[in-house]
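Participant: Sequence:
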Amino acid sequence: MEKARLRLAPSPTGFLHIGNLRTALHGYLLAKSKKGLAEGQGKFILRIEDTDEKREVEGAVEGLIKVLDWAGIKFDEGPGIGGEFGPYVQTQRLDTYDFYAKKLLAENSAYRCFCTPERLQEMREKQSDMKLPPRYDRLCRNLNVEQIKENMDQGKPYVVRQMMPLEGEVIVNDILRGEIKFNASDLDDQVLVKSNGVPTYHFASVVDDHLMEITHVTRGDEWLPSFPKNVLLYQAFGWEVPKFIHLALILNKSGGKLSKRQGDVFVEDFRAKGYLPEAIINFCALMGWHDKTDKELFTMDELLESFSLDGMGASPAIFDLDKLDYLNGYYLRRKSVSELAVLIRPFLTENLVQAHFSLQTPAYLEAVAATVQERLKKLSDVVDMTRFYFIDKLAFPKEMLAWKTMTSQQAIINLQELKTILEQISIDDWRTAKLEESIMAWLKTNDKKVGEYLWPLRVALTGEKYSPGPFEVMGVMGKENSLKRVDQAIA
RNA sequence: GGCCCCUUCGUCUAAUGGUUAGGACAGCGGCUUUUCAAGCCGUUAACAGGGGUUCAAUUCCCCUAGGGGCUACCA
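By the count of numbering that gives the first Met the number 0, the first sequence reaches residue 490 at its end, each step adding exactly one.
Some hints could be false.
[To be verified] Capping the alpha-carbon separation at 25 Å, the derived lysine-lysine pairs in PhoX-like fashion look like this:
#1 LYS155 to LYS180
#2 LYS73 to LYS180
#3 LYS259 to LYS376
#4 LYS272 to LYS53
#5 LYS242 to LYS392
#6 LYS448 to LYS403
#7 LYS464 to LYS397
#8 LYS447 to LYS403
#9 LYS73 to LYS272
#10 LYS272 to LYS334
#11 LYS433 to LYS448
#12 LYS478 to LYS443
#13 LYS252 to LYS447
#14 LYS376 to LYS418
#15 LYS322 to LYS272
#16 LYS272 to LYS397
#17 LYS272 to LYS464
#18 LYS433 to LYS483
#19 LYS464 to LYS376
#20 LYS65 to LYS272
#21 LYS65 to LYS377
#22 LYS242 to LYS322
#23 LYS2 to LYS34
#24 LYS148 to LYS130
#25 LYS322 to LYS291
#26 LYS102 to LYS155
#27 LYS193 to LYS148
#28 LYS334 to LYS73
#29 LYS73 to LYS2
#30 LYS397 to LYS418
#31 LYS2 to LYS242
#32 LYS403 to LYS464
#33 LYS65 to LYS125
#34 LYS272 to LYS252
#35 LYS433 to LYS397
#36 LYS377 to LYS418
#37 LYS130 to LYS53
[Claimed, not checked] DEER-style ranges, computed between Cβ atoms:
#38 ARG176 to TYR325: 18 to 26 Å
#39 TRP238 to SER379: 47 to 55 Å
#40 ASN143 to LEU175: 38 to 46 Å
If you're looking for bench data, these hints aren't it; they were derived computationally from the structure.
All residues carry an ideal CB built from backbone N, CA and C; glycine is no exception.
The whole structure should be built from the sequences, with the hints applied where relevant.
Facilitator: As structure tokens, then:
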């Protein structure tokens with residue numbers, strides 16, 4: 000059996016982007032799925048890439064771990080979890096990077112660069128004026144020992160740069176795309192260690208992936224351009240190159256980069272709106288992966304059975320909110336009523352604030368939940384959908400009571416008729432099924448038009464054009480409150 | 001500009017050197033029906049373009065176009 004150790008290596012710069020969750024999920028499943036890389040025996044590791052203190056956001060690591068856990072992605076090793084390859088936070092591994100940077104320097108695979116940011120800036124401007132690709136001009140690449148010593152003695156700050164081959168081809172292999180060729184002459188002498196002594200992503204991730212024995216690197220394909228540089232670095236160390244799987248980006252509706260501007264992009268946003276982890280996971284799995292059968296509805300457990308490398312593709316996917324909504328509605332409908340009641344509770348505070356205490360019981364919430372379950376796309380929809388259940392007096396124009404071509408006067412007359420019937424129904428019989436039975440029977444025997452009675456009744460009860468049916472609503476609200484609404488509509 | 005990646009219905013995606021190019025979401029129509037949903041049934045809709053290779057190309061190759069990414073002492 001193939002060994003598989005994969006990692007998620009986020010930088011703690013804020014919330015978790017939905018695209019990163021997709022990357023995380025695919026990596027996780029490759030490690031853990033029965034049809035994955037290692038028959039479900041792979042390891043999934045969390046490593047925090049916090050080498051850019053400028054972009055770091057307070058509390059982001061905790062947030063990341065929390066939301067990943069919510070989504071159902073578990074780690075075998077990582078900060079707070081442990082493991083034999085720790086620490087799993089890069090700023091706690093600075094000595095390690097220092098050691099390997101010195102090694103590279105000693106072996107002449109890297110060099111110190113004393114160029115100031117100002118000089119680099121100027122250089123790039125000149126290059127782009129001359130329509131040349133902006134690239135380090137390698138001024139410091141050929142500094143002799145004395146010059147280096149002199150600069151160091153003067154305490155000049157320096158970065159460590161990777162020494163790229165001057166000519167030839169670098170051929171790399173991506174699992175999803177096969178061979179990719181780069182000209183060595185197109186490769187910049189990448190910065191490995193910044194002047195503050197902290198490594199760049201490029202350097203730290205290669206060192207860590209090797210030391211942590213990562214076998215397969217999954218990452219976004221925005222890293223494809225640095226792939227040859229990574230490979231060269233492995234070769235400079237004499238290390239085996241792990242397999243690379245570059246996942247295509249997730250794009251917005253117009254095909255551009257999915258960004259905050261166009262709406263929700265963070266998993267936390269979706270969670271706050273009431274999307275279920277089941278839906279998000281199913282949705283993310285399907286972007287860039289497809290089962291060999293036509294099956295599309297997958298729980299995490301099912302993905303753990305079916306997800307495989309050969310179902311993965313390399314083309315970018317556009318984020319389709321409609322499909323996410325569908326999936327979320329689907330999983331919402333599959334919840335038990337009591338589960339749903341618990342889920343909607345946090346969204347209902349606005350409604351409950353104005354409600355009589357008798358309307359705040361778990362039992363009432365469950366009854367309410369049952370009537371809106373099949374209508375919800377996301378949990379936050381529950382607010383508007385159930386408002387009428389919690390308020391004392393409805394406000395709606397009388398004309399709304401009229402069904403199709405009937406007048407509101409006629410609607411009120413019909414309501415009065417219904418009222419007498421309803422009053423005769425005992426509290427014990429005041430249940431949705433029984434109410435429906437009685438009213439429908441009455442309508443039939445008296446040869447009444449169903450719509451001319453049920454529409455006004457429903458509007459009287461809910462004050463809404465669209466809502467659950469009158470029998471369901473009366474079943475939830477009880478006799479007293481239901482009749483009160485009918486009276487209010489008649490008055 | 002340079003380098004790299006990608007290209008099947010609007011969207012996510014199957015399949016195949018010879019198919020009526022399949023499924024799902026969305027759309028549309030119908031059934032059901034007091035409304036909205038849900039459900040069921042049906043239906044519109046795609047191989048980016050041009051060259052090759054071949055008896056045959058959506059499938060293999062090349063070019064073009066389009067889209068995207070990278071081009072920092074950010075990841």
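Participant: Under the constraints set out in the numbered hints, which ones does this structure not fulfil?
Facilitator: Going through the list in order, the structure violates hints 1, 2, 4, 5, 13, 14, 16, 22, 24, 33, 35, 36, 37, 38 and respects the others.
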